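The listed protein sequences derive, respectively, from chains G and U.
Take 333 as the starting number for the first sequence in the numbering used here and just add one per residue.
Take 180 as the starting number for the second sequence in the numbering used here and just add one per residue.
If you are wondering where the hints come from, they were derived from the structure by calculation, not from laboratory data.
Note that this is a predicted model, so its numbers are computed, not measured.
All C-beta atoms, glycine included, are put in the ideal place defined by N, C-alpha and C.
All clues stand as given, with none of them false.
Heads up, simulated DSS-like pairs for lysine-lysine below, C-alpha to C-alpha not over 27 Å straight-line:
hint	chain 1	residue 1	chain 2	residue 2
1	G	689	U	261
2	G	689	G	707
3	G	440	G	385
4	G	440	U	261
5	G	385	G	363
6	U	261	G	707
7	G	851	G	385
8	G	363	G	350
9	G	363	G	851
Stretch-level coverage of chain U by chain G, calculated; a stretch enters the list once three of its residues show a Cβ under 8 Å from a Cβ in chain G:
hint	region
10	188 to 197
11	200 to 209
12	214 to 227
13	246 to 259
14	270 to 282
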Amino acid sequence: MDLCDYAAYQLVRMIKCKQVSACEVLESTLKRIAAVDGLPGQLDGDRDAEPNKVHAFITLTAERARRQAQQIDRAIQAGEEVGPLAGVPFTVKDIFCVEGTLSTAGSKILSNFVAPYTATPVARAEQAGGIMLGKVNLDEFTFGSSNESSAYQPSPRNPWNTSRVPGGSSGGSAAAVAAGEGCLSIGTDTAGSIRQPAAFCGVVGVKPTYGRVSRYGLIAFGSSLDCPGPLARNVSDAALLLQVMSGADPHDSTAANLPVPDYVADLEKPIKGLRVGLSPDYFRLTYVAAESGELEQQPIPEDYKQAIYRVAGRLAEMGADIIEDVPMPHTKYGIPAYFVISRVEAASNLHRYDGVKYGYRTQQPVHDLHEMYRKTRGEGFGLQPKLRILMGMYVSAAQYSEQYYMRALRVRSLIRRDFETIFNPEGRYRLHALLTPTTPTTAFPIAQVYGDSVLMQFADQLTVAANHAGIPAISFPCGFDPEGLPYGAQLIGSDFSEALLLRLARNYEIATETDQWRKRIPPILRST
Amino acid sequence: MITPELFDHLVELAALELSPHEAEYLRRELNNQLRALQELVAVPLDPDIPPALHGINYPREIRPPLRNDEWIPSSHVETILKQAPELEERYVVVPEIPHQDLE
Numbered sequence: 333m334d335l336c337d338y339a340a341y342q343l344v345r346m347i348k349c350k351q352v353s354a355c356e357v358l359e360s361t362l363k364r365i366a367a368v369d370g371l372p373g374q375l376d377g378d379r380d381a382e383p384n385k386v387h388a389f390i391t392l393t394a395e396r397a398r399r400q401a402q403q404i405d406r407a408i409q410a411g412e413e414v415g416p417l418a419g420v421p422f423t424v425k426d427i428f429c430v431e432g433t434l435s436t437a438g439s440k441i442l443s444n445f446v447a448p449y450t451a452t453p454v455a456r457a458e459q460a461g462g463i464m465l466g467k468v469n470l471d472e473f474t475f476g477s478s479n480e481s482s483a484y485q486p487s488p489r490n491p492w493n494t495s496r497v498p499g500g501s502s503g504g505s506a507a508a509v510a511a512g513e514g515c516l517s518i519g520t521d522t523a524g525s526i527r528q529p530a531a532f533c534g535v536v537g538v539k540p541t542y543g544r545v546s547r548y549g550l551i552a553f554g555s556s557l558d559c560p561g562p563l564a565r566n567v568s569d570a571a572l573l574l575q576v577m578s579g580a581d582p583h584d585s586t587a588a589n590l591p592v593p594d595y596v597a598d599l600e601k602p603i604k605g606l607r608v609g610l611s612p613d614y615f616r617l618t619y620v621a622a623e624s625g626e627l628e629q630q631p632i633p634e635d636y637k638q639a640i641y642r643v644a645g646r647l648a649e650m651g652a653d654i655i656e657d658v659p660m661p662h663t664k665y666g667i668p669a670y671f672v673i674s675r676v677e678a679a680s681n682l683h684r685y686d687g688v689k690y691g692y693r694t695q696q697p698v699h700d701l702h703e704m705y706r707k708t709r710g711e712g713f714g715l716q717p718k719l720r721i722l723m724g725m726y727v728s729a730a731q732y733s734e735q736y737y738m739r740a741l742r743v744r745s746l747i748r749r750d751f752e753t754i755f756n757p758e759g760r761y762r763l764h765a766l767l768t769p770t771t772p773t774t775a776f777p778i779a780q781v782y783g784d785s786v787l788m789q790f791a792d793q794l795t796v797a798a799n800h801a802g803i804p805a806i807s808f809p810c811g812f813d814p815e816g817l818p819y820g821a822q823l824i825g826s827d828f829s830e831a832l833l834l835r836l837a838r839n840y841e842i843a844t845e846t847d848q849w850r851k852r853i854p855p856i857l858r859s860t
Numbered sequence: 180m181i182t183p184e185l186f187d188h189l190v191e192l193a194a195l196e197l198s199p200h201e202a203e204y205l206r207r208e209l210n211n212q213l214r215a216l217q218e219l220v221a222v223p224l225d226p227d228i229p230p231a232l233h234g235i236n237y238p239r240e241i242r243p244p245l246r247n248d249e250w251i252p253s254s255h256v257e258t259i260l261k262q263a264p265e266l267e268e269r270y271v272v273v274p275e276i277p278h279q280d281l282e
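Full structure from sequences and hints, please.
Structure, rendered in structure tokens:
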């Protein structure tokens with residue numbers, strides 16, 4: 333085990349008592365990156381290059397990180413107070429602005445954009461002593477669930493099996509954390525983009541309550557759905573990062589003006605008497621059949637279901653009450669509603685990329701401004717942003733918006749009501765959390781789904797409802813399928829109940845600490 | 180169903196220039212997505228169900244107070260200007276803006 337494999341909370345302790353230095357931790361991490369990451373993603377890069385590497389990064393900022401680590405070490409030597417992430421290396425999804433770094437959103441249209449300021453969640457992690465390693469890959473503008481849509485290739489691969497996708501859109505974040513390329517990563521979740529890749533890569537990912545973490549400096553996709561959040565190798569580290577990221581921000585009027593509880597202090601408090609629900613609506617997939625256009629249902633794989641029921645069993649052993657057959661009747665409308673709401677918001681947010689003020693501008697000769705717009709956007713955007721812009725414009729057009737956009741917003745109210753019903757402390761169910769699989773399957777093979785935009789979207793079916801409802805959720809690893817790919821369990825809670833979700837997940841970690849599956853490491857690390 | 184004519188209109192509104200190959204893929208995927216929306220159109224909705232702009236409610240007590248109406252100069256002016264693809268004496272330069280009669 334190398335220094336870079338230690339938990340963040342352990343490293344902070346070791347660094348603060350001068351057992352190791354921040355520089356040593358950083359060098360160990362950079363060595364790991366050199367060993368496993370391979371070529372960084374680059375514009376027009378070869379999709380199939382180095383198929384046995386992780387390819388999490390777009391931009392590695394090693395010198396910037398070295399300066400930060402030296403500062404931490406100097407401060408500790410001088411006996412100064414350092415923050416709760418002192419010396420902990422972390423990566424940032426390349427959808428956040430970080431001053432002085434290329435901030436590409438995985439798109440050619442921002443391929444030359446150097447951010448003039450730093451996003452609030454990243455700035456807070458740095459202020460807490462965290463060492464920013466660089467920017468990691470993602471689906472272009474976060475539009476995808478596999479990372480294959482990035483304009484920067486090769487795109488990330490799953491450290492547990494490099495022929496599989498890492499999930500998305502925070503795939504670079506999840507792959508990096510799983511491979512020891514930084515203890516922590518800051519990602520974003522609009523329909524499951526933290527939780528789904530966390531599940532696929534066997535790490536912990538938290539989508540906080542909408543408004544818990546500021547979106548200032550985040551390149552926007554679906555402004556009513558986007559949530560920055562942490563990815564980590566264990567629950568305690570996720571809590572540590574969430575703690576420093578959260579809180580009100582004068583730069584974001586949707587950042588809730590609500591005190592941040594201590595997420596770390598209560599992690600190991602007992603869970604006796606907490607009520608955890610299981611819903612049949614989260615153990616089947618509802619999807620539109622390609623041929624008929626009819627809604628069809630299929631159960632999620634039996635082995636995945638059993639894995640989640642085993643989680644319920646362990647939570648019950650720790651004292652939680654498990655409540656079965658909780659109805660969540662509107663879950664199946666999550667993806668259709670998302671197809672409308674997210675596209676309208678995406679189209680609106682993507683209009684700003686026009687080749688005028690920043691970013692890419694066409695190099696072809698043009699006659700006038702409009703032709704410059706069309707050529708710039710035609711060349712600068714990949715297929716997935718184009719698809720979202722066109723869909724967003726269609727469903728919000730005056731003649732269709734009542735039928736689509738307004739309906740989708742009202743269906744969102746129904747999805748929210750499902751959760752209000754089960755979490756109502758005076759209601760029939762009185763749940764503290766709902767336990768579900770995070771994803772319909774474990775990590776799928778590269779190239780199997782990419783291109784089919786409908787099928788790809790259904791990868792988010794079990795995660796998207798929490799985004800519609802604005803509520804928090806956590807994904808954490810709970811074993812491996814017969815092919816050695818991680819299963820992810822999801823706990824969904826009521827508004828601002830992050831502390832409770834983290835506590836439940838930490839109790840599960842404690843209950844399974846000595847399980848054989850906990851000893852596995854990603855095969856890609858065996859040669860390091 | 181998004182016809183080729185409607186598709187071309189959307190492409191024009193979106194200010195995109197597409198290759199024939201891209202146009203074919205995008206129109207097919209749009210129509211596939213519209214099929215996935217048929218169920219949404221069929222959801223029974225009581226007239227009293229309001230649209231939700233955000234999932235979570237924003238009661239006044241957790242809404243941040245409005246900022247004071249004060250001018251705060253940006254400290255990033257030069258770095259922001261440097262990002263412009265074409266600049267002349269601190270003016271952002273664009274190609275000819277065509278004259279357009281408003282309907």
